[in-house]
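Chemist: Residue numbers (this note's numbering), protein chains in the order written: chain A, 1 to 221; chain B, 1 to 221.
Hint data in this document are derived by calculation from the structure and do not stem from the laboratory.
Note that the structure is predicted; figures quoted are calculated from it, not measured.
Using N, Cα and C, we set each Cβ at its ideal position, and we do this for glycine too.
Heads up, a few of these hints could be off.
Pairs of lysine to aspartate or glutamate residues, derived as EDC-like cross-links and limited to a Cα-Cα distance of at most 20 Å, are as follows [unchecked claim]: (1) A:K61 - B:E36; (2) A:K61 - A:E15; (3) B:K61 - A:E132; (4) A:K61 - A:D90; (5) B:K61 - B:D21; (6) A:K61 - A:D161.
To be clear about the criterion: a stretch of chain B counts as covered by chain A if any three or more of its residues have a C-beta under 8 Å from a C-beta of chain A, and this derived list gives those stretches [what the hints assert, rightly or not]: (7) 15 to 21; (8) 98 to 106; (9) 109 to 123.
Number of protein chains: 2
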Amino acid sequence: MASPALRRPYRREGEEKRRDDLIAAAMTLVAEGGPEAATVRAIAARAGVTPGLIRHYFQSKEELTHAAYRQVMDAMTHEAIRACEAEPSDDPVARLAAFVAASFRPPVMTPLLVGVWAGYMHLGRNDPVMHEIHESTYLGYRDRLQALIAALPRPTDPARDRREAIACNALIDGLWLEGGSLPDGFAPGEVMRIALDGVATLLGIRFPAEAYPDHPEGKTD
Amino acid sequence: MASPALRRPYRREGEEKRRDDLIAAAMTLVAEGGPEAATVRAIAARAGVTPGLIRHYFQSKEELTHAAYRQVMDAMTHEAIRACEAEPSDDPVARLAAFVAASFRPPVMTPLLVGVWAGYMHLGRNDPVMHEIHESTYLGYRDRLQALIAALPRPTDPARDRREAIACNALIDGLWLEGGSLPDGFAPGEVMRIALDGVATLLGIRFPAEAYPDHPEGKTD
DNA sequence: AAATTTATTATCCAAACGTATAATTGCAAA
DNA sequence: TTTGCAATTATACGTTTGGATAATAAATTT
Numbered sequence: 001m002a003s004p005a006l007r008r009p010y011r012r013e014g015e016e017k018r019r020d021d022l023i024a025a026a027m028t029l030v031a032e033g034g035p036e037a038a039t040v041r042a043i044a045a046r047a048g049v050t051p052g053l054i055r056h057y058f059q060s061k062e063e064l065t066h067a068a069y070r071q072v073m074d075a076m077t078h079e080a081i082r083a084c085e086a087e088p089s090d091d092p093v094a095r096l097a098a099f100v101a102a103s104f105r106p107p108v109m110t111p112l113l114v115g116v117w118a119g120y121m122h123l124g125r126n127d128p129v130m131h132e133i134h135e136s137t138y139l140g141y142r143d144r145l146q147a148l149i150a151a152l153p154r155p156t157d158p159a160r161d162r163r164e165a166i167a168c169n170a171l172i173d174g175l176w177l178e179g180g181s182l183p184d185g186f187a188p189g190e191v192m193r194i195a196l197d198g199v200a201t202l203l204g205i206r207f208p209a210e211a212y213p214d215h216p217e218g219k220t221d
Numbered sequence: 001m002a003s004p005a006l007r008r009p010y011r012r013e014g015e016e017k018r019r020d021d022l023i024a025a026a027m028t029l030v031a032e033g034g035p036e037a038a039t040v041r042a043i044a045a046r047a048g049v050t051p052g053l054i055r056h057y058f059q060s061k062e063e064l065t066h067a068a069y070r071q072v073m074d075a076m077t078h079e080a081i082r083a084c085e086a087e088p089s090d091d092p093v094a095r096l097a098a099f100v101a102a103s104f105r106p107p108v109m110t111p112l113l114v115g116v117w118a119g120y121m122h123l124g125r126n127d128p129v130m131h132e133i134h135e136s137t138y139l140g141y142r143d144r145l146q147a148l149i150a151a152l153p154r155p156t157d158p159a160r161d162r163r164e165a166i167a168c169n170a171l172i173d174g175l176w177l178e179g180g181s182l183p184d185g186f187a188p189g190e191v192m193r194i195a196l197d198g199v200a201t202l203l204g205i206r207f208p209a210e211a212y213p214d215h216p217e218g219k220t221d
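My request is simple: use the sequences and hints to build the entire structure.
Modeler: Dropping the structure here:
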């Protein structure tokens with residue numbers, strides 16, 4: 001004969017906020033403990049609700065997973081593109097540098113994003129939706145990179161541009177992965193510097209000093 | 001009143017073979033369907049035994065996982081080192097080329113290895129044993145790469161060697177990942193060629209034509 | 001203030017998981 | 001042939017998982 005067990009009080013929230021909260025909770029858990037840590041119960045607890053609510057906003061846990069993954073991946077590419085287009089100069093070299101540099105600072109290179117990426121990476125192999133999200137994000141980034149490379153002031157050569165885009169993209173991926181998963185293994189800004197130097201070397205160009213992280217923006221001495 | 005249910009016939013095997021079979025089954029399943037597909041029951045079925053046998057050879061599923069991961073990762077680095085030391089020439093450039101090239105053909109760059117790597121990648125974040133395996137393998141590879149770079153015929157500069165080793169390692173990682181997970185996205189040998197060209201460019205050297213995959217070994221024209 | 005809606009909680013369920021243990025049987029030694 | 005060992009199978013257990021459904025209460029409307 002248990003006592004009447006008071007029902008947990010709660011607030012009604014808008015659909016948007018609840019969905020965002022649940023997605024954020026799922027991402028955080030995946031980044032911290034991998035996909036197996038992101039159980040329905042754990043996600044609900046992290047979001048401050050009870051498990052049943054997830055099924056009220058998502059048809060299944062899988063749908064929540066897809067939404068979370070898509071949001072994370074889109075945010076990454078969009079941020080790099082945004083930084084590139086925010087570059088004041090019209091110089092293709094400066095725009096490329098801005099694109100690369102944006103990939104190596106928050107909110108792109110963070111333990112959370114790298115963790116989610118790592119945790120969900122293998123899901124692209126069997127889950128068609130995850131595969132589509134991964135591929136479109138991945139190719140979207142690489143295509144944008146190739147377009148920036150093609151815009152460099154030099155004789156056009158699409159085949160060379162493709163090879164160089166693949167190489168630069170691989171270098172960026174590898175460094176992003178290392179820098180995000182072993183943040184203590186590098187000095188601040190070191191990964192970004194190596195990335196900029198590496199991309200420049202691969203392309204046979206030089207980036208202006210302003211593109212580098214520790215450039216004394218306002219100083220004049 | 002069920003029928004007496006004939007007991008499944010079986011053969012007794014040596015401990016070594018059974019352990020290897022179970023490890024191979026676990027790796028295959030992880031590569032195909034991720035860690036969540038490698039259940040005790042699935043591993044046993046793939047290895048042609050019943051689930052209980054796993055606990056006869058391993059104290060826990062976790063122990064089997066560790067053994068499988070360690071075997072896969074060790075095989076990778078050892079194969080690259082082997083190929084490097086098997087290089088007939090004493091030329092540091094040729095040895096470096098052999099080391100890089102070995103990372104981009106079987107048995108190093110295979111869907112199975114990349115799949116296992118991807119599937120277990122996030123486990124290094126929480127499981128200390130997996131972390132140790134990952135880190136030691138990873139640093140072992142990079143240190144060997146840095147040693148090969150340091151041996152190049154040019155003025156010594158440890159700081160530069162470190163930066164270049166980090167960059168080359170990232171390039172190799174990224175390309176290995178792409179080539180192994182999207183094998184149809186590249187022409188045969190294309191990934192290896194891009195890797196060799198990229199490493200050479202990053203280091204400011206040139207690899208001999210014999211280092212490349214489609215080099216007509218015996219031809220003289 | 002009463003009625004209505006629906007966001008949220010609470011409870012239950014079948015399946016699958018890793019593990020533990022008991023029952024067999026293949027095989028080698030005697 | 002018989003005996004004994006241990007490799008292997010068979011069965012069962014407790015937990016956790018994602019999902020389904022019923023009960024409740026916080027807002028909004030009337």
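Chemist: Can you take a look at whether the region 109 to 123 of chain B is actually covered by chain A? Rule is 3+ residues, C-beta closer than 8 Å.
Modeler: Holds, because 6 residues of the region 109 to 123 of chain B bring their Cβ atoms closer than 8 Å to Cβ atoms of chain A.
Chemist: How does the region 15 to 21 of chain B fare against chain A when you require at least three residues with a CB closer than 8 Å, holds or violated?
Modeler: violated (count 0)
Chemist: Is the straight-line distance between the alpha-carbon of K61 (chain B) and that of E132 (chain A) 20 Å or less?
Modeler: This hinted pair is violated, its Cα atoms lying about 32 Å apart.
Chemist: Examine the region 98 to 106 of chain B for residues whose CB is less than 8 Å from any CB of chain A, and state whether their number is three or more.
Modeler: violated (count 0)
Chemist: Measure nothing beyond the straight line between the CA atoms of K61 (chain A) and D161 (chain A); if it is 20 Å or shorter, mark the hint as holding.
Modeler: Roughly 41 Å between the alpha carbons, so the hint for K61 (chain A) and D161 (chain A) is violated.
Chemist: Do the alpha carbons of K61 (chain A) and E15 (chain A) lie within 20 Å of each other, as the hint requires?
Modeler: This hinted pair holds, its Cα atoms lying about 17 Å apart.
Chemist: Would you mind confirming whether the straight-line C-alpha gap from K61 (chain A) to D90 (chain A) stays at or under 20 Å?
Modeler: Violated, at about 45 Å.
Chemist: Sort out whether E36 (chain B) lies within 20 Å of K61 (chain A), counting only the CA atoms.
Modeler: 15 Å, holds
Chemist: Is the Cα-Cα distance between K61 (chain B) and D21 (chain B) 20 Å or less?
Modeler: Holds, because 14 Å separates the two Cα atoms, which is no more than 20 Å.
Hint check: violations occur at hints 3, 4, 6, 7, 8; the rest are consistent with the structure.
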